[in-house]
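Okay, here's what each chain looks like letter by letter:
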Amino acid sequence: MNLTLAETPLHGWHTAHGAKMAEFGGWSMPIQYGSIVDEHHATRRAVGLFDISHMGRLVFRGDAAGPFLDHLLTRPVSQLGVGRVRYALLTNAQGGTIDDVLVSRLEDREGSFFLMVVNAGNLQKVTAWIESNRSEYADKEGSPEFEDRTLQQAMLAVQGPQAGKVLAEVCDGDLAGMGYYTAQCTEIDAKEGIVSRTGYTGEDGWELVVPAAHAETLWKRLFQVAGQLGGTCVGLAARDTLRLEAAMPLYGHELDEDISPLQAGLGFAVQLEGNSFVGRDAMVQVAEQQDYQCRVGLVSSGRRAPREGYPVLVSGRRIGSVTSGTHSPTLGLPIAMAYVDREFSDVGTEVSIDMRGREERAEVVELPFYRREDT
Amino acid sequence: MKPEELKYAKTHEWVHVDSAKNEDGGMATVGISAFAVEALTDLVFLELPEIGKQVAAGDSLGEVESVKAVSDIYSPVTGEVVQVNEELPEALQWLGEDPYGRGWIAKIRLGDASALENLMDHTAYSKLCADEES
Chain C
1 MNLTLAETPL HGWHTAHGAK MAEFGGWSMP IQYGSIVDEH HATRRAVGLF DISHMGRLVF
61 RGDAAGPFLD HLLTRPVSQL GVGRVRYALL TNAQGGTIDD VLVSRLEDRE GSFFLMVVNA
121 GNLQKVTAWI ESNRSEYADK EGSPEFEDRT LQQAMLAVQG PQAGKVLAEV CDGDLAGMGY
181 YTAQCTEIDA KEGIVSRTGY TGEDGWELVV PAAHAETLWK RLFQVAGQLG GTCVGLAARD
241 TLRLEAAMPL YGHELDEDIS PLQAGLGFAV QLEGNSFVGR DAMVQVAEQQ DYQCRVGLVS
301 SGRRAPREGY PVLVSGRRIG SVTSGTHSPT LGLPIAMAYV DREFSDVGTE VSIDMRGREE
361 RAEVVELPFY RREDT
Chain W
1001 MKPEELKYAK THEWVHVDSA KNEDGGMATV GISAFAVEAL TDLVFLELPE IGKQVAAGDS
1061 LGEVESVKAV SDIYSPVTGE VVQVNEELPE ALQWLGEDPY GRGWIAKIRL GDASALENLM
1121 DHTAYSKLCA DEES
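Going down the list, the sequences are from chains C and W.
In terms of my numbering, the first sequence opens at residue 1 and continues consecutively.
In terms of my numbering, the second sequence opens at residue 1001 and continues consecutively.
Read the hints as simulated data drawn from the structure, not as lab findings.
Watch out, some of these pointers could steer you wrong.
Unchecked claim - Once the Cα atoms are required to be at most 25 Å apart in a straight line, the calculated DSS-like pairs of lysine-lysine come out as: (1) C:K191 with C:K165; (2) C:K20 with C:K220; (3) W:K1002 with C:K125; (4) W:K1053 with W:K1010; (5) C:K220 with C:K165; (6) W:K1053 with C:K20.
Here chain W stands alone, though its shape is the one from the complex (with noise of 0.2 Å):
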């Protein structure tokens, strides 16, 4: 997936909609930005979501963990759970080398998808990035 056409979340995670599947509110693809696993560096362990779980945006949905330290992952979206990046916790690389591809962490099936309209685009987000770096 292209970066340009994500959306983004200011805690840092990435959403693809995919609205060809539109007839059930369409399907989240979830994961986190290139500027976040960046700025973790050195990740040891990353727990994912459990399928089926109701999450709202703004919950926690795994945590991810650095030799430095351990962060939330949060939902951007409000939705169920239903399929996660099984193979990720044993290549954690793959957050690093495809953060948008290999790197997804969880497929979330839109409930409300009022949720997504809170999120930037992919130039708002790389100024807030540039923000958040100086």
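One chain only, chain C, in its complex shape (with noise of 0.2 Å):
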């Protein structure tokens, strides 16, 4: 265990700026900076700044590099244009979910790569899931190449409705003109980096990637043309509570080693027609048998709300367990993603939650809680 946690090139920024810090996937993170309800109206309402510099920042390059991430991921990136990014699950020969990623297609002076983005608590994890493959894949079909860059750069995520005009103080490239999910190597603040059209809070925004030495001076100015426009700064709660109201999985608790992606409702990311990949023939078998429990989401018309871990029942059976809750600031509800049994997994099934031994009445609802109004 590496006790010594990780800091950001924020890390003083943070502190300095009255952050609560808190362990998180091996990093010293800012939890909030004042009141989680507010960092998460600022980001729903004006702009957010988030530091995620803690993300796992692996550069895949070579010919055999899109090949390569083919072998490993739910669905194919090795044909993906310059410019695009797809999310996609790393899983294990069971097809159980090692880690959920972005995968981002980039063309810099030294030519085509591959960027993905893994979490921060899974990139050791990640790192030798790939080295052991590697080895095994560069026997046959020639190495790709394959470099953590995690701790060279810091992450940046600008989102909400202003983020566009936030941006534009530090870039002069078509930012409007992005679709989401493309990416593009380009300046930022007169400093190589790296802007993508993506994020984890249900708003429209971007994530930047830049030299860890350069990060401060861009976060200062970011933060400042936020201030402008009413956002802020805000920590890993209110993106957990922006993330949730978006019903985006966290690893660790809708997805882990014994969740298969199609269980997670990510079908999405998943091709198993003319596709093969690790995990994918585990992963026929669960779909043909349709009998796993399935990740749903619970709005209670109590007032706790739901946390980790909190059992869910239907006639005081158990049929299931919460994987994250909490009181949405949004809807002013408690709401919680849970796994059920399938069979009670349809919109409009009634079940109660207990709620540390009382049972507060919950129903199964439509997937997000929350859809910002212009998608």
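Take each chain as given, in its own frame, and dock them per the hints.
Structure, rendered in structure tokens:
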């Protein structure tokens, strides 16, 4: 166990601005600067700035890179055009989820490459998984070049309806013209970086990868502009409430090595037909059995918030468990994601949640809980 | 009530013992400290104890829930709950604005008063908070 926490290039800024810091994925991260609800609303209504430098960033180059990634991912990326981004999963031979990742196809002066962004807490595991598969793969198909760039870079997210205005201060490129899930290598505040139109909040927004040494200068500029537009910096606590409202899974909660992406409702990110990848055959079996627990959204009529691990009941019998829950700042209601037996997963199904010994009624609802208006 | 004149549990509840009504062993007013409210932030729910409930020091007296997590409120004293702040669950902002006044949670008729000896004075409690913050 590594007891020394990693610090992002903005660590000093966060503590100087009153952030409550806590461990997340092996990093010391800002949980909140003030009110979680205020930070949440600022992102929905104006713009939120997030330090997400803890996310792992892996770069793959060479002719073998694309086919090698296709071998490991639940849907192929080798044929992606430059500038495209794809959400996919790394699965083990049993079809369980090793991680959920974003893969971007990019081009810089050295040529074409793939950027894979992985969860902080999974970086070591994913790196080991890639290394072990790479040596096996290289013997047969040639060796993909692979580099962990996490510590040389910072990653910032700018999210919310005013995100484009904030970013226009530091980027000259045609940001508004970028489609959702596209990315490009470009200059950010006169330094080489990567901009993608991606996020983890349910809002429109961008994520930036910049050299670690330049992160604080850039962050201060973004913070100043965001402040003028009603935005602010946002910690991981509000990042969690935002992603939960948007029904985005969080590894370790809605996903783990015993959960198939199909159970998680991520079938859109899994291509079984005409595709071959580690875990595919096991996943086909899961798809055929159809007797697994699956991910649902719950809204409770009570006032208590469901929390991870709370039992979900029907007629007093346990049919599942909550994996994430909170009091939704946008909806003003207790919301949760849970895994339940398939027969109770239909929208409208009435269940109850055992909230620390007291049952509160809840209903299976359509996900996401929140969808922004322009989509 | 002045925070300097209160007693505190290490679980961040405050107590004020009304010595004027000491013939029954005394009446304790209980709440949660400004430090606790500040640490919780974004409160969304408060459950009060039932009137008539017998509690021992350290027993759950209710729960307070924030966006982030749910926390027990522990009784800092032993006795019987005789009154609760019924308006408080609908006015959670009082916990932040006036934690030692309008934000009181329950009044407890003291049974065994010896639990009071385990409580901290304001100086000791302030030190505990400073330690927790660092």
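| Checking against the hints above, which ones are violated? | 3 and 6
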